[in-house]
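Engineer: Each chain, written out:
2 protein chains.
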Amino acid sequence: MKRDHIKELLTLKEEKEAFICGWIRTNRAQAQFGFLNVNDGSTLQNIQVVYDNKLANFLEVSKFRTGVSVSILGKVVLTPNNKQPLEIHASEITMLGDCGEDYPIQPKRHTREFLREYAHLRPRTNLFNAVFRIRSVAAMAVHTYFQSRGYLYVHTPLITCADCEGSDQMFKITTLDMNHLPLDENKHVDFSKDLFGKQAWITGSGQLQGETFAMAFADIYTFGPTFRTENSNTQTHANEFWMIEPEMAFCDLEGLMDIEEEMLKFVIKYVLDNAKAEIEFCDQFVEKGLISKLEAILNSKFVRISHHDVVDILKKAPVKWEFAPTYEDDISKEHERYITEYFNGPVFITNWPKEIKAWYMKVNDDNKTVAAVDLVVPHAGELMGGSQREENLDKLLERMKELNVSKDGIDWYLDTRRYGGCVHSGFGMGFERLIMYLTGVENIRDVIPFPRTPKNCEY
Amino acid sequence: MKRDHIKELLTLKEEKEAFICGWIRTNRAQAQFGFLNVNDGSTLQNIQVVYDNKLANFLEVSKFRTGVSVSILGKVVLTPNNKQPLEIHASEITMLGDCGEDYPIQPKRHTREFLREYAHLRPRTNLFNAVFRIRSVAAMAVHTYFQSRGYLYVHTPLITCADCEGSDQMFKITTLDMNHLPLDENKHVDFSKDLFGKQAWITGSGQLQGETFAMAFADIYTFGPTFRTENSNTQTHANEFWMIEPEMAFCDLEGLMDIEEEMLKFVIKYVLDNAKAEIEFCDQFVEKGLISKLEAILNSKFVRISHHDVVDILKKAPVKWEFAPTYEDDISKEHERYITEYFNGPVFITNWPKEIKAWYMKVNDDNKTVAAVDLVVPHAGELMGGSQREENLDKLLERMKELNVSKDGIDWYLDTRRYGGCVHSGFGMGFERLIMYLTGVENIRDVIPFPRTPKNCEY
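So the protein lines, in turn, are chains A and B.
Using the working numbering, you'd call the opening residue of the first sequence number 1 and step up by one each time.
Using the working numbering, you'd call the opening residue of the second sequence number 1 and step up by one each time.
Isolated chain A, as found in the complex:
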């Protein structure tokens, strides 16, 4: 028999026979009858199931523990005067799988730290059920935004032999026996014996390959896992996370900001529409005012202001800064917070000092700044970072020389400037950062199904 999804049953306006499968969240049994709260994962919301001693197995059912999986046949009955709009009157309840008494996920409050020790069971709690549903819906929102606008989704490679990104930030990969590494005549590891015939890494970005595809499809995006070796135990760092990297030909810095703003609003709207119960849960239990915060973004026009002018505002601010703002340096978390409060909304900070930004960014005519942009949002700081790319080959080569970026292994990338190059721009968005923003959850470990952080690689 095909099972009904609780998410659909909860929208019923008339009574009907239903068949559900799910897991018992609570069981309140009395002498003659009882109530089950059942969740089937289709929505955060449970359905209430009423059963009584007309069931042949009433005594057994009344002892079913939290976590037991069951199938239930019964009638959906509208109960407009009760707390929940409907319930199921069960005619048959069958245990599908028992649940041990030592089940760690009991119907009580567990700390997030405790639940991190049970990453394989925590999706069965309300919080993680909500967070991972929002994560899934947000991923679909990203794909829908780009695909409906004709962007090409490109799977850039993760394995790379070009260490232009700074190989110290990348994981090395090998098929060699690490206890018996082959050595060359200089007693160095002989990577010619490795699978790819040379040293290989797992990359932290698909941007360069993405740019080559933008020179064929104009509008492309990547969306995949990314790796950093950073040995950093903070609330916002993980060694494996997902990233979105769109790249657009014929698009300058202003066009880039248009797209970033439109995309963020689209994703927020999509999640509010398609994960309503889950967002409401987060609004109630994770970040009070979450929905207002997100709706405010939808209705705002993002400010666009240069790094220079931001520093002017910071310098004039009646604030004693921990880090004094300067025209040459990055801005700190406290500055980001002040500037989003100052404008009471998201702020695009543009035209950064070239010394603190990457080699492929377009140098502005002042020869001091680059056409880069960071989007900072209230409560979360930086959400996206992007730039117009230097499309002029000579200028790009000059910058590479200045910054000691080797041409070895990326000459193919320079072909994008040799053969029909054009103004183009792109940005990167850390997907977890977005999910933290959408849910109000403050620790990146709580928005990744099985987080990987230093000294922590379980499951």
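Hints are computed from structural coordinates only; laboratory data are not their basis.
Treat the hints loosely; a few may be bogus.
The list treats identical chains as interchangeable, and a pair is accepted whether it falls inside one copy or across any two copies.
[Said to hold, decoys possible] Within a straight-line C-alpha distance of at most 27 Å, the following computed DSS-like cross-link-like pairs (lysine-lysine) qualify:
hint	residue 1	residue 2
1	Lys368	Lys401
2	Lys13	Lys276
3	Lys265	Lys7
4	Lys187	Lys198
5	Lys301	Lys269
6	Lys395	Lys63
Here the structure of chain A is known, so what remains is to put chain B in place on it, guided by the hints.
Structural biologist: Then chain B, alone, in the frame of chain A:
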């Protein structure tokens, strides 16, 4: 000025002013006028642009080479009596980026082997433009199928410290300096000094973690990159590829086949509808009859037959086999080919001998076979592989013991059987295999943007 997409212009039914940006595919210049074929990546199809000596820069334009990027202002003029239904009469043509004379992608036939040496430029050819558009559209089809049915998209981790899959098939990853590895007292590598405090790999499957999420959300899927160290240079092997792994609670083998069949038909239909020009190109230039092949799948009812009965048919077949079919062994490519021709359509082969299948599969009552299923399709062989999982903890532990699968590091997985387990099933589909099937392209290197194979890790 916002650029128009050629894909949309080509559907125009009335004339209008247009502004496009794109790349010149060909330029046929005569004394007084000329024709450009321009592609902007929004579709495989080019638009024809007519220009004449009223342009101030007519002489320069007439010398623009293949590959040059241009912006063009002009009027879309309907030409119902010509080969193409419309063309642009240019009033302004501007070079955005020149293209060297040595541009490798000239308007002539290049072999696929040649183009593999230019993976960063080959998306600018018709073939790869079509293939990678189909790949992108097919990825969206997969997400749309699952999300519209309430499945949760889960990002299972790629980094793992559990080597239950057979660590010899996985890449090792490390942050240690491989030329100066720290050693422990036994002169083995001291992985306690590595980032995760122990040895780590890049995994080849998210199934086990996926199962834990299926026990919370019922219906889930993964879609992400996957890695194998196989040192194999064939048309169908790559060391990095993408895989889809759905997992459904409350779903048995029959239910699994229903989903596989429905999903495949959905994806084919979606691609036929949303990548029409690209599929037509493949039908004409890659695999004659491709569209008929795909439409036949849509209209077929997939056969369901046991491995035992397949072997019966093979044994009776009037064929001299290279590999004699037996009830105990896997079936070979020649057998797959015969059986799909025999039934003239896709075939689900079920209930395989347990000795040749994985430890987590449900052992049938005969204690000889497992509830596994492979889907084989005409012309392509195996497209999906899946099984009902052994949900009974004791039986699962027994199988693990028989097959020497260590419990170390996967006790968390066994919790899915301890706490509210249930009948559940899942399958894996190699995404590249699907794209090869959808395009008719026969070498996996030609459906991956930047393929990684032994001794081959460029870009």
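Engineer: Which earlier hints turn out false for this structure, listed by number in ascending order?
Structural biologist: none
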